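Chemist: Whenever a hint applies, use it, and build me the whole structure from the sequences.
Chain by chain, the residues:
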Amino acid sequence: MAAIPWGVMAILLPLAGAMACFLSPRRASPLGLITALGVVACAAGLGWQVAEQGAQRYAIGGWGAPLGIDLYADGLSLLMLMVTAVVGLGISVYSSGYFNREKAVNFWPLWMFLWSALNALFLSADIFNLYVTLELLGLAAVALVALAGGADALTGAMRYLLVSLLGSLAYLLGVALLYHSFGCLDIALLAERMEPSPAVMAAMGLMSAGLLLKTALFPLHFWLPPAHASAPAPVSALLSALVVKASFYILLRLWLDVFPVTAAGLGQLLGLLGAAAVLWGGLQALRQTRLKMLIAYSTVAQLGYLFLAFPLGSNVAWQGALYLLLSHALAKAAMFMAAGNILCFGGHDRIADLDRVAQRLPLSLAAFGLAGVSIMGLPPSGGFIAKWLLLEAAMRSGQWWWVIILILGGLLAAAYVFKVIGYAFTQAVMTHEARAVPATMEWAALVLALVAILLGLVAPWPLALMEIGLPFGGEAAG
Amino acid sequence: MGAFYHDPGIRAVNDVLSVILLLSVPGLPLLLAFPALRSRLSWPCHIALLPAVVLLAVPEVVSIEVPWLLLGTGLGIDAASRWLLAMSVVLWAAAATLLHAPTGQPADDCLTTCFLLTLVGSLGAILATDQVGFFAFSTLMGYGFYGLLVAGGDEAPRRAGRVYLGILILADLALFEALLIAAETIEDLGFEAVRHAVARSPSPGLYLSMVLVGYALKAGVWPLHFWLPLAFRSARPAVALLLGGVPIAIGLLGMVRWAPVGEINFPDIGLIIQGLGLAAMLYAVLAGLERAQLKLLPAYAAILATGLFAIALGTGLADPAAWNRYGDLAHVFIVSLGFGLAGLATAIRWLEARYHCPAMLARQADGSNPWFERWPGAVVRWAARMGFDTLPRLRASWLAEVGRLRQVRAWKRMLDGSERFLQRWTFAITLFLLLGMVVVAFVGASSWIG
Amino acid sequence: MKKTMNPKSMTESGKIRTPFRLLLMVLLSALAAGLGYAVSTLSSQSPGSGEWVAANLETSGVSNPVTAVLLNFRSYDTLLEMGVLLVALLGVWSLGGIPEQRESSPGPVLDTLSRLLVPVLILVAGYLLWVGAHAPGGAFQAGSVLGAAGVLLLLAGWRLDARFAGLPLRITLTTGLGVFVVVGAVLMLVGRRLLEYPPSFAGALILLIEAAATLSIGMTLAALFLGSRPEAGPDR
Amino acid sequence: MNWDGWLPLLIVLSSLSVGLVIFFLPEERVATRTTLNLTGAVLKLVLVGVIIWGVVHRHHYETRLPLLPGLDLVLRADAESVLFVTLSSGLWLVTTVYAIGYLEGSPHRSRFFGFFSLCVAATVGVALAGNLITFLLFYELLTLATYPLIVHRGTDAAHQAGRAYLTYTIAGGALLLVGTVWLYGIAGSLEFSYRGFVAELADGHRAALIAIFALLIAGLAVKAALVPFHSWLPQAMVAPAPVSALLHAVAVVKAGAFGIVRVVYDVYGIEFAAGLGVTLPLATVAAVTIIYGSMRALFQDDLKRRLAFSTVSQVSYIVLGIALTGPIATIGGLVHLVHQGVMKITLFFCAGNLAETLGIHKVSEMNGVGRRMPWTMAAFTIGAFGMIGAPPLAGFISKWYLGLGALDAGQGWVIFILAGSSLLNAGYFLPILYAAWFKAPPDTWPAERSFGRRETAWALLAPPVVTALLTLALGLLASAPFSPLQWARSITTLEYAP
Amino acid sequence: MSHVFLYALVGTGLFTLGLYALIVHTHLLRKILAINVMGSGVFLVLVALAARARGAAPDPVPHAMVITGIVVAVSATALALALMVRVRAETGRAELSEERPE
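Chains as they are written, first to last, in this note's numbering: chain W, 1 to 478; chain Z, 1 to 450; chain C, 1 to 236; chain E, 1 to 498; chain V, 1 to 102.
For the record, the hints were derived by calculation from the structure and aren't laboratory data.
Predicted model only: the values in this text are computed from it and were never measured.
Each residue gets a CB set at the ideal place from its N, CA and C atoms; glycine is no exception.
Be aware that one or more of the hints could be misleading.
One-sided excerpt, in silico: chain Z residues whose CB lies under 10 angstroms from chain E [what the hints assert, rightly or not]:
no., residue
1, Phe34
2, Val66
3, Pro67
4, Asp109
5, Arg158
6, Leu165
7, Phe333
8, Ser336
9, Phe339
10, Gly340
Modeler: Structure follows, in C-alpha cells:
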C-alpha cells in the first residue's frame, strides 16, 4: 500500500471543502476553486499510483472486507474519477463566473458534496456504501436542480427526487436480498460467494431496475429532460456529464463482477432498451425548440449507447461503452456550458432565435460544435473511438443489428447538432440588451470540448488505463 | 517509381536549328494569338507566317521528334507536305492581307486571335508526322475556323458557325475513336506505321469508317456537306478565301494520311464510296444549277471536287495497286483544290462587288430551314424534355409525397403523445420494467440452474 | 412559447380508471409474490457477518455490536450519512424562503409543556448517547431526541437568536461531519488508515464523534423542521 | 523517429496550425492573415516538393502514431498520395490567392480562412493517409471543415445547401465507417498496400467482401458525387467561388474519388476486385453518372450550377478509369484526378470573377463578356475546351487514356459513353463560349465594379490565368518527366506488377 | 417457515403497497408518504432477516444499515417536503404536471 492514500483524499477533500464553503459563504467561490484544484491533484496522484502499482484496495478502519468497508481503485474507477476531476474542474471554473453571490452561497457546498459523493461512489467496493453515496449524490443533485427556482425547475427537481428515491429503494431492497443470501456486502466477496438463486435473481432485477431508473434509460428517461433542462447551466452540465453516469457505473460493476450471469436474455433486453433510447432520444432532441431540452434529450440518446455493450458483452464492447461515457461526459458538459453562455447572453435558448446570439459568442459556439463532433461520433474525437470500438464489437460478435442502431444514432445526432450549428452563420439583429459573458465561462466550455476531441487522439492511454485490474475480465470475457 | 528516369527529356537533336524552325511554325502564331503579345505589332498575321516561309526556303527534308509534347509527337516536312505548306502560306498571306485591309476596328482582336489559332492548326496539321499531333492541330484548326466564321458576324454566319461546330464535334468524336483504335493496335502513331498496322489488324473496318466519316464531315464531302453552302454564303472574304485551303484541304489530307488506302483491299467499300462520290458530283451540279447563286458556286465546286476525290479514294480502296501508283497525286489535288477554291471565291467576291445578285436574297427570305438544321434542334428539344422536365418532375412528385408525409401532424403528435405518456405513467412504467427484469432474471435463473 | 394548462388533462390525471387499477394490482401482486418467493427461498441459516462482528468486538472500543458496526467497522457509512443530513439541510435552505405558515400562537399548554419537556429530552438524549456504547442507543437516537426537543421549541414559537443564527449555527451543524473528518484525517496523518482507531483510544474517539454527531443531528433535524434558513445577523 | 518520419505530419500541420491561428485573429488584421495564409501555402508546397524529391529517391516517409490498440494513425507518402497531395497543395496556393482577392472587405474572414485551412489540412490528410482509419478520420474532418464554408454566406439558400451537404456526407461517412469496421473485423488490418491486402481472405468471406466494397464505395461515392448521391454538389454552388473551387477541384470531390482509388487499388487490389465482380457495376454507375451529369448540365442557366453538374460528370471519369480493369484505364483515371482539378478550378475561378466583377451569375447574361474580360474568358475557354477533351489540353490526355484503357480492357461500350459525354460537354460549354465571345455585350452589366485599367482585381485574375496555363501545359507537356501522366504511369506499374 | 420470514414477507408487501400508492396517487404528499412506506418495507426485510438464525444473536450489520437508511430517509423526506411546499407555492398545486415546458 502506497504512502499517500490519494483516493481517500479525493473523498475527504471535497467534503472538507464543502464544510469550508458552508462555514464561510463569502469566500465560497475561491475556496471551492482551491478544493477543485486539490481534488484534481488527488485524482492525478491516484492515477499515477494505479498506473505504477496496479489496482489498489484500501481497507477503511483497517478492518478489511467482510467486516469493514473497502475502497477499490482499478482502471475503471480511476477513469471515472479522472473524468470527474476534469469535468469538475471545468464546472468549478465555469460556476465561479456563472452564479451571483446569493446563489453561489448555496451552490458551492452542494457541489462539493456532490463531488465528494461521486468520488466516494467510484471508489467504493461495498454495495451498501454505494447506496449511501448514491443517496448523497441524489439529494445533492436534486438540491442543485432546484437552485434555479421557478416552476419548471422545482417540478423537475421534485420528479427527479421521487425517481431517485424510488431507484435507491429498489437498489436497497436488492442489497438486502444479497446480504441475506451471502452475508457480505463487498463486491469482490460477493463475486466469490455468488451462487444463483431466486433471491439473487430478484436482487438483480431490483437493483438493475433501480439503477436504470437513475440512469434514465429509455423508457425511464422521462424525468431527465425536464430536470436537466431547467437546472442552472453548470448543474445541467454535471448532471448530464457525471451524475447519471454514477448509477451506470454501479450497474456496470454489479454486472461485471457480482452477477455472474451470461443470461443473454437480460443483456438483449438492456441492449434493446438502449437502442430504443438512442432512437427515441435522437428523435425527441431533433424536435425540441429549446436548446437545453435538445441537449438533455441528446443525453438520453447517448446513455442508450452505453447499454449497447450489455448484449455484446465483450471486452471491446465494454471499453467502447466506457470510452463513450468518458467522452460524453466531457462533451456534454461543454455543450451545456455553451448553452448556458447563450442563455446568459441572450436571455433565452430558443433554437429558432439563436441567430441573434450565436455569432456574438464564437467561442461558445465553437465549444458546442466541437462537443457536437464528439456526440456525433465523428473523428477525431473520443466519441468516434467509442463508436469504433462498439461497432467493432458488434461486428465481431455478429450482432450486426446494433451496428444499424449505432449508425442511425450518429445520424440523428448529426441532425440535431447541426440544427443548432447552422444558426452560427446567420446574423440577425439583437432585439434586446445582451449581457456580457465572462471569458472564463466561454473558455471553460471550449477547453472541455477540446479535451473531448483530444480523447480521440490519445486513445491508447485511456484504454491502457482501463485495463488495469482487468475490470472487464480480460479478452476472454463475455 | 523510376519510369521517368528512362524517359529522355529532350533527346539529342542533330540539328538544333530544325527544331527551332519546326516548332516556331506553329509556335510563333500561337504566341501571337495572345492579344497582349501582338499589341505592338502592326502586321501580326504576316509575321506569324514568317517561320513557315523560312521553312519552305530550307530545301531538305527535316523532321523532329518531340517526345515531351502531348503523348510524344513529331513534326516534319517532306516533299508532299512542302507543297501543302506552300499553298497554305500563300493562302494565309492573302487572307491576312484581306483581313488587315479594313482594319481600325478594335473589336477585331477576337477575329485576329481566331485567325492566328486557325493558322497554328492548319500549319501544324500539315507538319504533323503522327496521328495525335495531326488530330490536335486539326481540332485546333476546326475550332479556330469556327471562330473565324462567326466573329463579328450577324445571324447568317452564326448559323453557319453553329452547324459547322456541330459537324466539328461529331467529326472529332469519330476521329478520336479512330485514334483510340489505332493506339490500341500499335504503339507508334506515325502515319505509315498506323496504316500498316491497321491494315493488318483483324477488323480495320471500324477504323476506316470512323476516319472516313470524320474527315468527310470536316471536309464537307457529300452527303455530310451541309455546313459548306452556309459557310460560303455568309463568310467574309478573307474567310471564304481560306475555306478551300484550310478546312477542306486538311480534311482531305487527313483522309489520305489516316486511311490505310493502298494497304487494304476493300472492293465493296470502295464501290460504295465511289458511288457516293459520283452522287456527290451529280448533286453538286444539280444543286448548283438549281440554286443558281453566284456566292454558292464555290461551295458546289467544293462538293464536286470532294466527290471526285471520293471516287479516287474508293478506287484506291478497291484497287490498292492503283492507289500506290497514283496516290501521290492526292496531295497535288488538294493543293490545287485549295488554290482553285480560293481563286473562285475571290473572283466571285469581285464579281459580286460589281454586279448585284438579287436571287440569293429571295432564297434566304423564305426562311425555311433545311432538314439538317431542323433535326438537331429537335433532338436537343427532346433531350431537354428528358433531362429538364421528366427527371425533376419525377423528383418533384416524389418530394411532394415525402412532403405530405412530413406534413402529417401525426408524427409530431405521436412523438409528443408518447413522451407525455411516459411522463404521466412515470412510476407505472418503472414497475413494468421492474417486473420485466425480475421475470427475465427468473427465466435466466431457471434455465441456468436447470 | 405559450404554456397552456389543459384542464382536461388535469382532471384525467387526478382520476385513474378502475381497469388500470385492477391491472396494476395484478401486476403488483405478481411482483409481491415474486419477491416473497425470493425471500422465502433464503436459507434459514443466516450466513451474515455476525460472528465477525462478535470476534472483533473487543477491539472496537464499544460493547454494543450495532454501535460498533455503525461507528467503527462501518464508520465510513456513517460519515457519509452525516453528509447526507447536511446536504438535505443545504437543499432545504437553498430552496429559499418557504412561505411562512399561518402563525398559530402556541397555547399555554404547549408553552408550559415545552418548558417542562425540553430539559428532560436533553437529559434523555445525553443518556442515550452514553448508553449506546453497550446497549441499544447511540448518536442517532440521541440526536433524534434532541431534534424532537428542538421541534418542540420551534412549535412553541421559539426562534434562534439572530446572533447565533449565522456562523455559530453553521458551526454546530457541521460539527458532526467535521469531527468525523478531522478524526479520520488526523489518524491518517499519524500513519494509520482512515478511521482506523487505535484500540486504546477507540472508545473515547467514538464517544467524541458521537457527541458531536448528536449535537449536529439534533440541530439539523430541528433546522429541517423549520424549513428555511434562520434570519441571521450580518455575517462576519 | 527521424526527420523523414515527421514530414507527412508536418505537411498536415502546416495548414492545420495556420487555420487554428487564423481563427483567433481579429477581423481587421488583414495583412497578418494574408501573410499567414500565403506562408502556410508556400511552406506546404515546399514540403511537398521535398517529399516528391524524396519519394523519387526512394525515401520512406511515414508518420505513425497510435490511435487505438492495433490501429495506428498512419501518414505515408506513396506514389498515389504524392499525386493527390501535389494537386491539392498546388491548387491550394492558387485558391488562397484567389480567396484573398475574392473576399476582400467581406465579413467573417477569419472564420472563413480558418476553416479554409482546416479543409486543406484534412484533404492533405486524406491524401497521405496510410490506412483506412486514418483516411476515414480525415475524410470526416473534411466534411466538418467544409460545412462552415458552404454556409458561409448565411443565406437561406446557403443553409439549405449546407443541410443537403451534411445529409449526404454524414450518411456517406456512416456507411464508410460501417464498411471500415466490418473490414477490420474480418481482415484485422487496414493498411493500404499496393495490390491490396484482402485477397487472401477471399475464401469464406466472398459475400462479406462484396458487401464491404459496396459500403465503402457508397460512402465515398457521396463525396465523389456519383449518381444517385450527387445532388448536394449542385446545391453547394451557392457558396463563395473559392469554396466551389475547393469543393470541386481541390478537396471534397477529389477526396471521394481518391478514396475510391484507395479502396479499389490499395485495399482490394484491382485484380482481386475484378475477380469479385465489383468493378463492372462501379464502371456502370460511373458511366451513368457521366451521362446524367452532362445531361443535367445542358439545361442549367446558372453558370456555377452548370459547372457543378459538369463536375458530377467529370469526376466520374476518374471512377470509370479506376473501375475499368487495366493499366491504361488506371492511368487515365489517375491522371484525370489531377487534370479535372486544374481545369475545373479554372472554370470556377472565372465564374467567380464574372460574378464578382460584373455581377454575372447566369449563362444568359454572358453575352459579349469576352470583350469586357478577355483574360478571364480566355482562361475559361481553355478550361472549357479542356473539359470537352480537345487536344492538346489536359482533358484530352485523360480521355485518351480512358478510351484506350476501355478498349484494352475489352469494354468497348465505354467509348460510346466517352463520345456521348464529349458531345454533351461541347453542348453545354460551347454556347457559353459563343455567347461570351461572339455576341454583342449589353449596355450595362448586372453589377459592375471598376478595377481601373485591369479587367478585375489582380488577385482574382492571376489564379485562373495560371491554372489555365497549367491546363495547357498538362496537355502539351504530358510526356515530360514529373508530369502527372508520368506519375500515374509509375503508380500503375506498381499496382499491376506481376 | 419461521415468523422471521413472515415479517420479511410483510416487508416486501409494504414495498409493493408503497409502489402502488406511488403510482396511483397524484398528490405529492401521498407520493412522499408512499416512498416512506416503501422504505419501511425495505427496512423491515433487512431487520427481520437479520434474526433468521435460531438461537443466535441477531446480526448487527443490518441493524446498522437500517439506522443509516432511516437517517437517509429522514433527510430525503425533509427535502422532499420542502420541495413540495415550494412547488405548491410556485404552481399552485402539489402535483407533478405532465405539461412539458415548451
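Chemist: Indicate, hint by hint, whether the structure satisfies it.
Modeler: For each hint, the structure was consulted:
no. : hint   : in the structure
1   : Phe34  : 8 angstroms, holds
2   : Val66  : 9 angstroms, holds
3   : Pro67  : 6 angstroms, holds
4   : Asp109 : 7 angstroms, holds
5   : Arg158 : 7 angstroms, holds
6   : Leu165 : 6 angstroms, holds
7   : Phe333 : 27 angstroms, violated
8   : Ser336 : 29 angstroms, violated
9   : Phe339 : 29 angstroms, violated
10  : Gly340 : 30 angstroms, violated
Hint check: violations occur at hints 7, 8, 9, 10; the rest are consistent with the structure.
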